[in-house]
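Can you build the whole structure from these sequences, using the hints too?
Protein chains in written order, with the UniProt record's numbering: chain A, 1 to 301; chain B, 1 to 248.
Source of the hints: derived by calculation from the structure; they are not laboratory data.
Glycine is no exception: its CB is placed at the ideal position from the N, C-alpha and C atoms.
Check before you lean on any hint, since a few could be wrong.
A few chain A residues that face chain B, going by a derived Cβ cut-off under 8 Å, partial list only [as the list claims (entries may be wrong)]:
#1 Ala21
#2 Arg49
#3 Leu62
#4 Glu82
#5 His90
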Amino acid sequence: MMRERFVDTTTALLGDDPRTALVLADISAAAFEPAARRHPDRVLNVGIREQLMVGVAGGLALTGLRPIVHTYAPFLVERAYEQLKLDLDHQGVTAVLVSVGASYDRAAAGRTHLSPADVSLVDSLHGWTVHVPGHPDEVPTLLRGAVAADASAYLRLSTQHNARPYGGDGTLRVLRDAGPGAPLLVAVGPVLDAALAAVADLGVTVAYTHRPRPFDTAGLRALADTEVILVEPYLAGTSARVVSAALADRPHRLLALGVGREELRRYGSAEDHTRWHGLDAVGLRRSVDEFLASAPASAGR
Amino acid sequence: MTTITANAVRSAGTSPPGEPTTPPLPGPVAPLYERVRAGREFGPNVRSTVDVLWVLYDRILRVTPETVDDPGRDRFLLSKGHAVAGYYAVLAARGFVPADWLDDQGGPDSRLGDHPDRLLVPGVEIGSGSLGHGLGLGVGTALGLRAQGLLTPRVFVLLGDAELDEGSNHEAIAYAGAAGLANLTAIVIDNGSATHGWPGGAGARFTVNGWTATTVDGHDHDALHTALTGQDNHRPHVVVAVVDQGAQ
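Encoded structure:
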């Protein structure tokens with residue numbers, strides 16, 4: 001589980017680096033109990049107070065500490081958005097945000113615990129790195145790198161994951177090469193396995209990243225021909241503007257898949273929501289087929 | 001509520017005859033404040049903070065233009081970011097910013113906005129303007145100092161009584177009390193501007209959470225000094241500075 005890897009890595013970082021601090025709002029507080037006993041001045045649970053949680057992180061950073069801030073995605077990013085904008089960015093200080101819950105990990109909890117828009121909101125800020133690990137084993141390296149860096153970072157943890165981890169620095173990693181001119185599918189984080197299955201028998205190049213921001217636009221330009229398919233585990237189209245800007249000087253078509261904006265008002269499981277948003281292998285295949293079939297004749301496919 | 005009288009400002013200078021409820025500005029600040037004002041009319045909320053700011057910078061805060069980056073300095077966080085004219089005047093009076101910065105305040109080439117920006121103004125600890133952010137940042141600053149063993153510096157956060165409407169303050173007040181943040185002092189400038197008021201007084205919102213509280217005449221420099229240094233060093237402290245309600 002990604003959350004356990006986060007807890008273990010953060011606990012180790014608190015011991016290794018006296019500059020590191022952790023700010024909680026009750027979520028995961030029990031898991032951090034051993035760390036809190038060891039570092040009572042740097043493991044700070046403010047209670048169910050998300051505005052304060054981010055404000056405290058800003059204050060800690062103003063004194064030179066490196067805060068890690070953690071709770072459910074909607075409370076961390078949506079509820080405390082103005083604190084991210086003002087208590088971190090506007091003060092010229094940075095923090096590492098680590099969320100759980102993702103778009104619909106706790107589907108049965110309903111709308112209050114769904115956060116498909118988190119990456120889009122963070123993307124409205126400047127200079128943030130966004131990591132969306134696709135496997136628990138990707139978490140420790142990404143977290144350590146984010147804490148060691150100077151910039152603000154958002155790590156989006158999920159119970160959804162691929163069968164195996166992929167290392168690397170977040171530049172696009174080609175997992176299936178369909179050769180020159182083939183459509184390019186870019187999968188972000190835990191949607192990779194479904195994307196690979198969806199296009200298994202198609203001439204589609206598949207590339208993976210766990211770092212949608214900054215998006216590897218150089219890799220995109222090297223791999224893309226005229227057709228690009230984005231598959232993201234959060235709001236559909238979140239990275240469309242980045243891809244469009246990167247390919248602005250060449251004719252191309254873009255299919256941006258992800259979680260829909262509509263509130264479904266349904267419970268069920270994460271797997272159910274994946275299917276309802278068309279992000280399972282069958283749904284992705286349907287969308288990819290329609291997209292490729294609608295290509296202008298001159299594209300030759 | 002404390003009654004404001006001309007006597008309340010005896011330490012600040014001579015009251016102009018005929019205006020007993022409008023105390024004069026502290027001597028070193030007055031010409032600089034007028035320079036920022038440049039003939040503009042500011043609301044009473046701007047004028048009402050100047051005495052507290054002057055007492056802090058003149059008599060209490062251990063920070064100078066030379067120590068604005070010293071980890072051991074006292075921190076003053078202006079949460080009520082619109083109270084900026086007096087703040088800039090006091091910073092100029094103490095040498096943090098050149099006096100000629102005060103001209104053209106808010107202009108296209110000015111570093112001094114209608115709300116302060118810590119990245120643009122030396123000595124400014126936080127950028128503020130959106131109400132309800134300073135106390136949370138102050139709590140974090142106090143925690144950060146404590147975590148690094150910096151037990152001498154004190155964190156002062158200045159708010160307004162209407163600013164207390166913002167719920168984020170109450171997150172900070174409750175937690176600071178529970179955490180026993182002894183190096184934190186909040187200052188509430190109370191000019192009675194909160195739309196729905198604070199029955200029982202603003203200080204009660206803090207004391208119920210374990211803070212010590214003192215309510216004083218916000219223009220009485222000696223009383224302010226006593227209150228602003230009246231913390232017991234075991235708990236966070238709040239000073240409610242009552243100023244002329246609605247007056248200049």
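What are the numbers of the hints that this structure violates, sorted from low to high?
none
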